[in-house]
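So the protein sequences, as listed, match chains P and X. The first sequence begins at 1485 in this note's numbering and counts up by one. The second sequence begins at 40 in this note's numbering and counts up by one.
In case anyone wonders, no lab produced these hints; they're calculated from the structure. Quantities reported herein were computed from a predicted structural model and do not represent experimental measurements. For every residue, glycine included, the Cβ atom is placed at its ideal position computed from N, Cα and C. Some clues are possibly wrong.
[Claimed, not checked] Label pairs and their in silico Cβ distance ranges:
# : chain 1 : residue 1 : chain 2 : residue 2 : range
1 : P       : Leu1530   : X       : Lys73     : 36 to 44 Å
2 : X       : Arg197    : P       : Pro1529   : 40 to 48 Å
3 : X       : Val201    : P       : Val1492   : 31 to 39 Å
4 : P       : Val1492   : X       : Phe157    : 27 to 35 Å
5 : X       : Arg197    : P       : Ile1525   : 31 to 39 Å
[Stated by the list, open to error] Covered stretches of chain P (in silico footprint by chain X; criterion: 3 or more residues with CB under 8 Å from a CB of chain X, positions within the stretch not fixed):
# : segment
6 : 1489-1502
7 : 1508-1517
8 : 1533-1539
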Amino acid sequence: MGCAIVAVYAALRVALESDTLRKLPFLNVLSFAVAGSIALIIPHPLSIVAAAAYFVGSTLESNAIASTFAGGLDRRE
Amino acid sequence: MDGTLLILLQILVAAAVCWINFVAIDLFFKLPEKGGVVGAAAIGKRIEEKGGGLHGGFMMGNIVSSPDASAGTLLASCGVFIAGIPGGLLAALLVYIGNRICHDPGYAGTTGCITATFIVYGFTLIGFSAAAFIAGMVIAILTIQGISHVHASRLLSRLWKVRRG
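Sequences are here, hints too, so could you generate the full structure?
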């Protein structure tokens, strides 16, 4: 319940923020809330894998979006 | 004590414990030092333009760009909630794989996941519910990434100055 409220709040902040790069931390909160909800709603051993896969996937997407908007290749310094 | 109040209290304590765990480990692994990928650095600079702290912004960018200790703490709580210590350690393995997928050379996520597994398990022994730690970690990340980027990044920058000495 709490996780769902945080998820909706984060989704609203993502929608209201105009700058794409500054949207991403709010999107990160949304991913946390959804990953937490997955584990809380489906208490099955595989849901650990589902929550982790969802979370890592969304992080990788944010990483790609941020790197694209930064105008460079995704490379470590 | 009233049951709902007890759950709320557990969540608040869990949020504080999660916050300390992930911020301490991220600082230890020097996440605020620089943006690990160009995207993380760009997020840090954009937050600084709005009046935030640059190094705090780098840390927030790094949290966005790869599973760090905060993600480790969340997934460890999920793992312990579902399957106890083995669940937490499975989550640590998944975070390790996630770090490699995201080109992250660091071990903040894996370390945070392992420490959180034992912390959360320890708290379940004194009557806490692991579910409170899932909710607590969501609240902890909300305070850093989801309320005010300017204030959160300034706070993290101050903590980074202390860490750097």
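Hint check results:
no.: 1; hint: P:Leu1530 / X:Lys73: 36 to 44 Å; verdict: 37 Å, holds
no.: 2; hint: X:Arg197 / P:Pro1529: 40 to 48 Å; verdict: 41 Å, holds
no.: 3; hint: X:Val201 / P:Val1492: 31 to 39 Å; verdict: 35 Å, holds
no.: 4; hint: P:Val1492 / X:Phe157: 27 to 35 Å; verdict: 32 Å, holds
no.: 5; hint: X:Arg197 / P:Ile1525: 31 to 39 Å; verdict: 38 Å, holds
no.: 6; hint: 1489-1502; verdict: holds (count 4)
no.: 7; hint: 1508-1517; verdict: holds (count 8)
no.: 8; hint: 1533-1539; verdict: holds (count 5)
This entry satisfies every hint, going by the numbered hints stated previously.
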